[in-house]
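Student: The lines below spell out each chain.
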Amino acid sequence: MTRLASGGVIDRQRPLRFLFNGKRYQGYEGDTLASALVANDVLIVGRSFKYHRPRGLLTCGPEEPNGLVQLVSDGDQPNLRATEIPLREGLEARSVNCWPSARFDLRAINSVLAPLFPAGFYYKTFMAGKWDFYSRFIRQAAGLGHSPKERDQGRYERVNHHTDVLIVGAGPAGIQAAKVASGSGHDVMVLDMQESPGGHLLFHPRQIDGQAGSDWVSREVGELQDRDNVTWLQSTTATGYYDHNMVIAVEHKPAESWLKERLWHIRARKVIIATGAVERPLIFPGNDRPGVMLADAAARYIRRFAAVPGKKVLIYTNNSTPYAQLETFKTAGIEIQGILDLRKNPSEAELCLASKLEVPVSVDARITGVQGRSGIRGVTYQSGAGSKTVRCDLVCHSGGWNPLIHLYSHAGGRSRFEQASAAFIPGERAQAAYPVGGANGTFSLAEGLKEATDVANSLFGESAGNRASGTPNAPAAEDEVPYRIDQIWPEKGDKGKAFVDFQNDVTTADIALAVRENFQSIEHVKRYTTAGMAVDQGKIGNPNVIGLVSRELGEEQASVGTTTFRPPFAPVSFGAIGGSERGPLIIPARTTPITAWNIENGAAMDEAGANFRRPFFFPRPDETMEDAVAREATAVRTSCGIYDGTPLGTFELQGPDTGELLNRLYTNRFDNLPVGRGRFGLMLREDGRLFDDGVTFRVDPNRYLMSCGTGAAGAVYAHIDRLLQTEWTDLKVYLVNVSAAWATMCVCGPLARAVLGKLESDISLDPTFRFLDFRDGTLEGINVRVARVSYTGELSFEVNVARRSALKLWKILMEAGKEFGITPVGSETSGVLRIEKGFISPGHEGDNITNPFDAGMGWIVDMTKPDFIGKRSLLRDVKLGGERQHVVGLLPDDEQALVADGSALLPAQGSDSRSGFQGHVTAACFSPTLKRTIALALLKDGQKRHGERVVISGLENSCVATVTEPVFYDPKGERMRG
Amino acid sequence: MSYRVEVSSLKDYALINLRGGAPVTANWEATLDVTFPKAAHTAVINEAFSVLSLSSDHWWVRTALKNEDELFHRLSESVSGDHAAVTVVTDHFQGFSVQGADAVAVLRQGFSLDLRSLDSGQCTRGGFARCGATLQVVDAGMDYEIFVEASYSEYVERWLKVAQGHTV
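Quick note, the sequences are listed as chains A and B, same order. The first sequence begins at 15 in the numbering used here and counts up one residue at a time. The second sequence begins at 537 in the numbering used here and counts up one residue at a time.
If you're looking for bench data, these hints aren't it; they were derived computationally from the structure. Watch out, some of these pointers could steer you wrong.
[Unchecked claim] So, partial list: chain B residues that the calculated Cβ filter (under 10 Å) puts toward chain A: (1) Glu542; (2) Gly556; (3) Pro559; (4) Thr567; (5) Leu568; (6) Ala600; (7) His619; (8) Thr623; (9) Ala637; (10) Val674; (11) Ala676.
Even for Gly, the Cβ is constructed at its ideal location relative to N, Cα and C.
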């Protein structure tokens, strides 16, 4: 175990035991899984995706590409980064993508077969033969980790939050910006993905305002957290930046004990992005071997966790950063074998730091090979002095810094290449997003603090017109060595694999091949090679990919451009996305006052549109669905049925121009509808296609009550509201949604009148109560509106009642109907009754092409009206003529035939005038009344083809049928008018 | 463990929906002997009823259920023959009371509105838990009432329990 005796934030009094790949280890409170593995000298943490090469930890943060693990002990979660998993007692994790183990992985055979797997090999290889053959093997090999088998017992919450200022990142720049913004009285929210604030000050000893950086952080953050206008969240990752300055963040450790994670939807007036930067790897042969680690990551493991990643280190760099870390390595007892600097001229300050610690520096030096497979034995390098080999067990390398511009990019901001820092930094701004510090390419602590101060002052201070308590100055800080970098690419022809994307196993050779194959756009290279497309989303590798592409193309990096960063910045759990809306809350389910009764009485429930669930049918013990539907349908045809029609949309229209409005909305007239009567109406879209239908009643001269289909209710309301607000502002009409105010129960069947007649009522049910009349009154003392409307083709009374009285009245009706065999009816039965009657349903027979004439509903279209929505399109249809699909009935020869909705219609044998697809079945059922199968269909020229024979071709069954009128039962409508 | 919030269904209230321009508003004001709130998101509250401004020509009058019929007729008659709409919507909506120190912690799970901007006595409408709701602030930060379409009432009741931290 390589743990320092002192230092770091770990609590040595609280040891924690954990299992990794089945082996028991010990860490401490304050460790991450990664730091504990480093301290336990575990080098191999996983296997690479394509070649299954052994991999060790490369970084210390969320950008980690190699340390992906399956967290077995906490819900069996796949693909979590070991660098982000806080250690706890009993934790168990396993490496992914290896079999049987990470140390010995049989699939490493891929590494031997590597020449067969160049970039884009799958595009080339799997062109021949059948994909089905390859897919079996590819599916087996694909994916990292496995999905949890158990339901996640964790609880999640999704919240909305508004703030004046959102600051992402609580490093020195973020803290300073928060200080200025909150001091000016604005509401400030600070998010930081680390467990503790401070950013890189957590890992590197620096001085600010003459005190230790960590003390400065403690003091400033303490003061900020005490302010009422500051909301401070640690362990919270901002994962995406969306339109209107909305940032989504995941809080990983909510204070509420019952919550596992909380997803924040944050709407901010201004967003300060202080996310810092991550170190970039250098490209050299063997740069993926376990024991090759980014220099800053190694320093972080030492400083933060007192975990020492090696005994003999060789440092490899193209910039000044590692020089400032020499002391960290030295004080940790690591033997520094030397610095290989790709640059020819390191600065005096850098050389001075090396010299002070007696570290030899080789300039213009280049690693040509790494010895060792599962760990490092040594490194071979080339310099002016020739080729040399150095013994070491740790290579710490630094290729410079990548500003974390992901959120800025999500917001639509552009990036630009800055030569001095050899990095893509924020360019043209798209939203109120203001990057500061490392995220803006300002890698100097002093300059970052000044930049944060200046930006915050300009946005919120006195200069921005805000009442501020003075304009704060930036605290003083000094950089040990000024940041200098020379971007130097590896020599072409180096032997051995040099990786640019560690997670997807993309090498320099793959990039070169892609360019040779004429992929010139960086977006195409990305997709062809998959560079930057893994879980780490190219956080560390992308700039190297762009650099290599520019080299291969012979262009400047600035002209190659960047790929687009898209949310999420870091993976988000499905639990956090779903929040509390799971299980019974997965849809906002709507109910009627009768829903509970229906369920208690055994209804099989089904989706009914607009988030309603309705009874499908009411099975009795040992009854099949077919039996139940037949029984219910027979009851309606011979005695009495009852169903809950509450989900239908109901709108009240009031005003002197309501008749005119309805004239324009429907194809028929409504201004001449007498008070006390209802009328069926058909609503079309602008293009003349079926939209909705329903009955509208005239309650008084200026008040109408409109009903419409359940599923269409929202769209119909929005349609009318839009027309009144934007198109027909001259019409004096108010529209009020009263859908849920009324419960509707439909008593239907030849004995319906007898059932209602049993009740104490002031409503006369005598023959003067005609079809489509309505009457107001009471039933058993309950205020009701009874209407003669029929959706079944039988004598029907639709009883409308205030929601509060609905269940009571329903039970009264059930009791009254007992002696008449009243039977509750489900929607499947209603559908059967509809098909028997040939009633058109816009949801079935309307297929976005059907017009009313096609549907045989010309009788309801008054083309003499000055105008109605869809009239012009209907005129065009009529003028164009030609062959259209019409609604027809179908009677299969086999009266018991099973016909599926959607079955195709084909010409019957012997038909010489037609060929090919003729139409399709829109609805089919076995009619209990007619004792045979019947269907409605849309058929080309159907109205002229009654008596013809067609083939109904379904996926499972085919049969021959005769084309008929679409009304199979009571064609004159005598029963419903009776 | 849960948030410090009490949620209950509101009972025995009546809601009357008013739509109308300035001329009819004056009639209603005379009928109720109160000046209607004209500014957005405001309400007038007295012992007998409260009037919520929902838009420039749209109000809710909320009163005790026992007054529903009488108030509806008075308001209707006061604008008889005018271009106005008076509709009883008591049954169309279900009200819930959300009270307690963590009321905002519960409500912000459903509302994307900036609840900070609403003071006591104010009201507004907006999306709530994937269905619409009207919100009345009784005591900012502590006491709120929300009204949802009654068909969503069982869902919202369950949603509020889960949002409080309870298991359903």
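Student: All the hints need checking, so say for each whether the structure fits it.
Tutor: Hints, verified against the model:
Contact between Glu542(B) and chain A, as hinted, is not supported at the beta carbon level, the nearest pair being about 18 Å apart and thus beyond 10 Å. For Gly556(B), the interface hint holds, since its Cβ comes within 10 Å of a Cβ in chain A; the closest pair sits about 8 Å apart. About 12 Å separates the beta-carbon of Pro559(B) from the nearest beta-carbon of chain A, more than 10 Å, and the hint is not met. Evaluation of the Thr567(B) hint against chain A yields a violated restraint, the C-beta minimum of about 18 Å exceeding 10 Å.
Taking 10 Å as the C-beta cut-off, the interface hint given for Leu568(B) is violated, the closest approach to chain A being about 19 Å. At about 14 Å, the closest approach between the beta carbon of Ala600(B) and any beta carbon in chain A exceeds 10 Å, and the interface hint on this residue is violated. Annotation: interface hint on His619(B) holds; nearest CB of chain A at approximately 4 Å, less than 10 Å. Using the Cβ-Cβ criterion of 10 Å, the hint placing Thr623(B) at the interface with chain A is satisfied: the shortest such distance is roughly 5 Å.
The beta carbon of Ala637(B) is not positioned within 10 Å of any beta carbon in chain A (closest approach about 13 Å), and the interface hint is therefore violated. The restraint placing Val674(B) at the interface with chain A is violated, with a minimum CB-CB distance near 20 Å, outside the 10 Å limit. Proximity of Ala676(B) to chain A is violated relative to the hint, the smallest CB-CB distance being about 14 Å (cut-off 10 Å).
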